[in-house]
Amino acid sequence: MANVVFVINDENATVVDRAFKMVENVIHGDHGSVALVFLIGVIFGGIIQYTRVDKFEKIAGFAMLKDTIVPKMLFMTVGLTSIGLYFMIDAGMAHYHVKPIILQGLVIGGILFGVSMAILGKCPGTGPVSIAEGRIDVLIGAIGGLLGGLVFTLYYDNFFKWLMGDSLGKTILPNLFEGHEDLTTLIFGIALVIISIAIPKIELEDKEETKNQG
Amino acid sequence: MTNRLPWWVGGILMSGLLLLTFSIYGADRPIGASTYVPYAASLIFNLDPSTYSYINHIKAPGSWEGVMLLGVLFGGFITSVFITKTFRIMILPTAWKMYKNSSILSRVFWSFISGFFMIIGARLAGGCTSGHFMSGMSQMAISAMIFGAVVMLSLILTGKYFYSKEKVA
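Line by line, the protein sequences are chains W and B. One point on numbering: in the numbering used here, the residue at position 2 of the first sequence is 2, and numbering is uninterrupted. One point on numbering: in the numbering used here, the residue at position 120 of the second sequence is 1120, and numbering is uninterrupted.
Be careful, since some hints might not be right.
Label-pair distances were calculated between CB atoms; the ranges are [to be verified]: (1) P71/W with I1024/B: 28 to 36 Å; (2) G1016/B with H95/W: 12 to 20 Å; (3) S1103/B with L103/W: 35 to 43 Å; (4) P1006/B with D182/W: 44 to 52 Å; (5) P71/W with Y1161/B: 14 to 22 Å; (6) E205/W with A1149/B: 25 to 33 Å; (7) H1057/B with T171/W: 33 to 41 Å; (8) I1091/B with P71/W: 40 to 48 Å; (9) G1016/B with L176/W: 44 to 52 Å; (10) Y1025/B with L168/W: 48 to 56 Å; (11) A1149/B with A91/W: 40 to 48 Å; (12) V15/W with K1085/B: 16 to 24 Å; (13) H28/W with S1050/B: 41 to 49 Å.
Which residues of chain B face chain W? A few of them, derived with a C-beta cut under 7 Å, are [unchecked claim]: (14) I1120; (15) I1156; (16) Y1163; (17) A1169.
Keep in mind the hints are simulated off the structure, nothing from the lab. For each residue, glycine too, the CB sits at the ideal point set by N, CA and C.
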């Protein structure tokens, strides 16, 4: 890493100027006002904090199969949303934003992501919540993540794009059962809700936190 | 007893938030939480988008998620201070002490390494728990199901071999 020189964008812009540019991009985009996007974040962070699913004991605990709150909540969320979203899209109230099947990227990325999630005990959505509640180890993880993001950006054209491979399209499950799209969606959604209830509830308690709260 | 919402209430609320975000009355897009990281890196290190093409791919979603992230930090902070009262400056998670070790150096080292590879992994796959697992699976996307299956498997295998079976402390 001794001789890496970044090609810099604008020498005079400070990091604060560039952060304002980020807000400007949202103002000029068509995905909600800055206030709405911020509010979505506040609610997202609030739900995660209030359910405590950002805790190391919940995520690393699930990896150790000593806690099942995270998969229960995830499957419940996805089961309900899949049915609601399908009929909202049908009614013209929402659109599909399906990610492509880049098989190599999904498999290699998924392996790296799963290993890291078990060790850090966070993911990119829950990590910021833990930082906001004072967890220094996660802040260190975020610095590692920023460097990961930097390396990915620097070597995307020369290496990572090749590693990800080609897209096999943006198939969704109902495409595979043509003529039975509504039924496929209902079965998928209801099955996930049933799974979320059926997964036995086991918990890895954080005795220190319970004790501190009295 | 810990002050918190039951998992199913959390699931219902999160589902409502996803539907609001997807709807044309909301943001007309999915929730994602990993694109902001390389975008933030490009802002901090002032990288030139004409040299690094990836920045152009992620500029719009990265900005959106960046603003959302500020909300997440704010929402997480307020909730931890006023509602759950769990705000605490801490380095070692309790379960790390129970099933790994009591070394701050070890925790910091592994946090940094796993943070690094987590973002590389998420960007290779094109999403994370939010973008793929929650938003992608809710659209019944095959890409999200492949990602979800691979992550579950590698998560549980890592959990089995990285941590001790019995309590170490």
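- Taking the numbered hints from earlier one at a time, note which ones the structure violates and give those numbers from smallest to largest. 4, 7, 8, 9, 10, 11, 12, 13, 17
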